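S.K.: Here's the letter readout for the chains.
Protein chains: 2
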Amino acid sequence: MRLFHHPLQSEHAPERELHNGDWVPFAECPERFAQILAACGGAEVASDHGAGPILSVHDAGYVRFLEQAHGEWVAAGRKGDAIGYTFPVVRRRPLEFDRIDAKLGAWSMDASTPIASGTWNAAYWSAQGALSALDAVAAGERRAFALCRPPGHHAGADYMGGYCYLNNAAIAARAAGDRGMGRVAILDVDYHHGNGTQDIFYASPDVFFASIHADPVTDYPFYWGHADERGEGEGEGSTLNLPLPRGTDWTAYAQALDAALGAIGEWGADMLVLSFGADTFAGDPISSFALQTDDFARMGERIAQAGLPTVIVMEGGYAVDDLGTNVATFLDGISR
Amino acid sequence: MRLFHHPLQSEHAPERELHNGDWVPFAECPERFAQILAACGGAEVASDHGAGPILSVHDAGYVRFLEQAHGEWVAAGRKGDAIGYTFPVVRRRPLEFDRIDAKLGAWSMDASTPIASGTWNAAYWSAQGALSALDAVAAGERRAFALCRPPGHHAGADYMGGYCYLNNAAIAARAAGDRGMGRVAILDVDYHHGNGTQDIFYASPDVFFASIHADPVTDYPFYWGHADERGEGEGEGSTLNLPLPRGTDWTAYAQALDAALGAIGEWGADMLVLSFGADTFAGDPISSFALQTDDFARMGERIAQAGLPTVIVMEGGYAVDDLGTNVATFLDGISR
Ligand SMILES: [Zn+2]
Ligand SMILES: [Zn+2]
Numbered sequence: 001m002r003l004f005h006h007p008l009q010s011e012h013a014p015e016r017e018l019h020n021g022d023w024v025p026f027a028e029c030p031e032r033f034a035q036i037l038a039a040c041g042g043a044e045v046a047s048d049h050g051a052g053p054i055l056s057v058h059d060a061g062y063v064r065f066l067e068q069a070h071g072e073w074v075a076a077g078r079k080g081d082a083i084g085y086t087f088p089v090v091r092r093r094p095l096e097f098d099r100i101d102a103k104l105g106a107w108s109m110d111a112s113t114p115i116a117s118g119t120w121n122a123a124y125w126s127a128q129g130a131l132s133a134l135d136a137v138a139a140g141e142r143r144a145f146a147l148c149r150p151p152g153h154h155a156g157a158d159y160m161g162g163y164c165y166l167n168n169a170a171i172a173a174r175a176a177g178d179r180g181m182g183r184v185a186i187l188d189v190d191y192h193h194g195n196g197t198q199d200i201f202y203a204s205p206d207v208f209f210a211s212i213h214a215d216p217v218t219d220y221p222f223y224w225g226h227a228d229e230r231g232e233g234e235g236e237g238s239t240l241n242l243p244l245p246r247g248t249d250w251t252a253y254a255q256a257l258d259a260a261l262g263a264i265g266e267w268g269a270d271m272l273v274l275s276f277g278a279d280t281f282a283g284d285p286i287s288s289f290a291l292q293t294d295d296f297a298r299m300g301e302r303i304a305q306a307g308l309p310t311v312i313v314m315e316g317g318y319a320v321d322d323l324g325t326n327v328a329t330f331l332d333g334i335s336r
Numbered sequence: 001m002r003l004f005h006h007p008l009q010s011e012h013a014p015e016r017e018l019h020n021g022d023w024v025p026f027a028e029c030p031e032r033f034a035q036i037l038a039a040c041g042g043a044e045v046a047s048d049h050g051a052g053p054i055l056s057v058h059d060a061g062y063v064r065f066l067e068q069a070h071g072e073w074v075a076a077g078r079k080g081d082a083i084g085y086t087f088p089v090v091r092r093r094p095l096e097f098d099r100i101d102a103k104l105g106a107w108s109m110d111a112s113t114p115i116a117s118g119t120w121n122a123a124y125w126s127a128q129g130a131l132s133a134l135d136a137v138a139a140g141e142r143r144a145f146a147l148c149r150p151p152g153h154h155a156g157a158d159y160m161g162g163y164c165y166l167n168n169a170a171i172a173a174r175a176a177g178d179r180g181m182g183r184v185a186i187l188d189v190d191y192h193h194g195n196g197t198q199d200i201f202y203a204s205p206d207v208f209f210a211s212i213h214a215d216p217v218t219d220y221p222f223y224w225g226h227a228d229e230r231g232e233g234e235g236e237g238s239t240l241n242l243p244l245p246r247g248t249d250w251t252a253y254a255q256a257l258d259a260a261l262g263a264i265g266e267w268g269a270d271m272l273v274l275s276f277g278a279d280t281f282a283g284d285p286i287s288s289f290a291l292q293t294d295d296f297a298r299m300g301e302r303i304a305q306a307g308l309p310t311v312i313v314m315e316g317g318y319a320v321d322d323l324g325t326n327v328a329t330f331l332d333g334i335s336r
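These protein sequence lines are chains D and L, in that order. According to full-length UniProt numbering, the first sequence is numbered sequentially starting from 1. According to full-length UniProt numbering, the second sequence is numbered sequentially starting from 1.
To be clear, the hints were calculated from the coordinates, so they are not data collected in a lab. There's no promise every hint is true.
Where chains are identical, the list cannot tell them apart; a pair therefore holds if satisfied intra-copy or between any two copies.
To be verified - Pairs of lysine to aspartate or glutamate residues, derived as DMTMM-like cross-links and limited to a Cα-Cα distance of at most 25 angstroms, are as follows: (1) K79 / E31; (2) K79 / E236; (3) K79 / E15.
Treat the numbers as computed from the prediction; the structure is a model and nothing was measured.
Generate coordinates for the entire structure from the input sequences, incorporating the hints supplied.
M.R.: Now the structure itself:
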C-alpha cells in the first residue's frame, strides 16, 4: 500500500493542553508521527495540491486565521502556544476582530487545541497527504494511507478542536466528489466522535458519515455524536452514530462495525474515506475501549470485505509506544 | 440609600482564571467586596426570597448544576477550581452527561469562570441582594443598592461566563415585571458588554436593555455587544448597544449615556435596573476606559435625572484599592 507523509508534519509541537481543569503535556505529540513512520516504512512525500481543496471544505477566513494566528499571538506579546478562553456558545456568527484572543475563541470549540509555530505548515501538509492518498486511489490503487498529523475529524468548516485544524477526511471526501469518483462514504473508527466531519456533511445528501465511538455522555467531544443525530434537511439519514460504552471489547465493537459497513453498503457507496484512530486500543492513556493489537488486523479485514476503494487517513492514538505496531497491524489486516 | 449584601458572598474565592493563554490570579476577588462594604458602610443583610425568582430567569438544570458542580468536581478527583475545556459552539442543545467536564462546558461560555467551594452560596445570596434591593424600591425607596458579588451580567439563562453565575440584574428585572411594577429598563454601564442580560431579554418586548461598553472587537466578551444587535422577534428594537473605543473619557462617555437614557425614556420605562460596574475607571487593571473617580459622581447625577425608581446591582471593577471610593462616589452622585 502506498503511504504519504511530509516532514513538516513533525514541526507541530505544542507544549501543553487544557484538560480536566489544568495543563497536561500535549498528547498529540510529534513522537506519534515518528513511531508510525518507523513501523510502517516506505512512506512517500505528499505532493502539493494547493489551497483549493482545503477551501472547498473550510471557510476562507478560518484558513487565513490558522495561517496567521501564531504570528499574531507573538506580536501581541503572548507567551507559549496560542489558545482561546472565551467561546461563542450562542448566536455564533462571522465577525471581524482586532484581538487574537477573540479570534482564537471565534474559530474554535475548545481550549485544548493550541496553535504553535509549526502548526499551520503541519496541518497544510497533513491535508496534502490525504489528497495524495486520494490521487493514488483515483489512479487505481485499491487503497492508500495518509499519515495525517495533526488529525482532522474534530475540525469543522470554521473551527478547530480536539487537536484538529483542517479536516483531512472531509477534504479527501469532497475532492473525491469533485473528481466524480461516485458516492462517497466516510467511516470514522477513532475512539472519539468525528464531530467536525459530521458537521461539515450534516445537511449534505452527497456524503454518508458513519462513526463508531465512545458515548459522548462520558467522552469528548460530549456535545455531538449522540445516537439521535442523523443529519438534517437533504442530509437527513446520511449520518449514522454508533456510540459504545467505555470498556467495549472486540466482540461488541465488531457488531457496531458490521452495522456501519452494512449501512454504507445499503447507501450505495462507491468509495470509502476511513478516519482511522488507534485510540480504541486498550492501552490508550486518554481512552477507555479494550481493543488489543490483533483486533486491529480483524478490523482491517472486515473493512476490506466491504470491497470499496479506500483512502485511509490517520486520526488519533496516544499509546505512543504501541502506536506504530497498532497502525501497521491495521494496514496489514486491511491489505489481506 | 439602603444597601444589601450577605456575608456568604465573601466565601466565593477561586484561585485563578484562564486569560490570554495562561493562568492569572482570579480578578474578581473577595477583597472587592470588602472594599465596597468598607467604603459604603451600613449595608443590611439580604433577605431570602428562595429559588423561585432565580428560576424565573434561569434554566432549572443549570441552577442544579451550579449547586452541585463543585461537589462533583471533587468527587471526580479533580484538583482546584472547576472549569470546562470544551464548549458547544454549534448545535448547542440540552443533553444529559455523566461527566463533570462535559457539564462545565455545556453550561458555560468561557474557561475563566471557575466554580469553587463557596461559589453557589455566594451566587445565591448575590441574587437575593438584588431582590432585597427591589423590595426596598417596591416599598417606596427612590433607589437601593445590591452589593452583588459574584456579578451577573455575563450569565445567560443557561450558561455562566465572565465571573458571572446568576444574572442578578435580570432576576431583579423579571421580578419587577412579575410584581406589576410597570415597564422595566436595564441600563448596563459596566466596561464589558452585558451579553447574558441581553441574551435573556433578546426576544422580549417587556424589558428594554441598553448597554454602554468597550467595543467587543477588542474587548471581552467579543461575540456580543456589537451595534447591530438590536433584539429579535417581538424584542426587535428593545436592545440598544453603544460600543465605545478603548481610551474613552468622560466627555465621550457622557454622550453615550445621554443617548441610552434618552432611548430608555422614549421607550417609556417606569423603572430602571442599573448594572453598575466600576471597571470604566482609568486605573482598572483589565479594562481600558479613562473615567476618573469624580466622573462616577457625574454618571450618578445624570442617571438620577432620568427620574426613575432604580435598583442598582454591582457588576465589575477590578482596581481594588480604588473600588470602594469609586462605588461610594457613584452612589453619592446618584443620590444628589
Ligand atoms: Zn480520538
Ligand atoms: Zn466588567
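S.K.: Evaluate each hint against the coordinates.
M.R.: Structure-based check of all given hints:
1. K79 / E31: Within one copy only: 24 angstroms inside a chain, 29 angstroms across chains, cut-off 25 angstroms.
2. K79 / E236: neither (45 angstroms within a copy, 43 angstroms between copies)
3. K79 / E15: both (11 angstroms within a copy, 21 angstroms between copies)
In summary, the structure is inconsistent with hint 2 from the numbered list given earlier, while agreeing with all the others.
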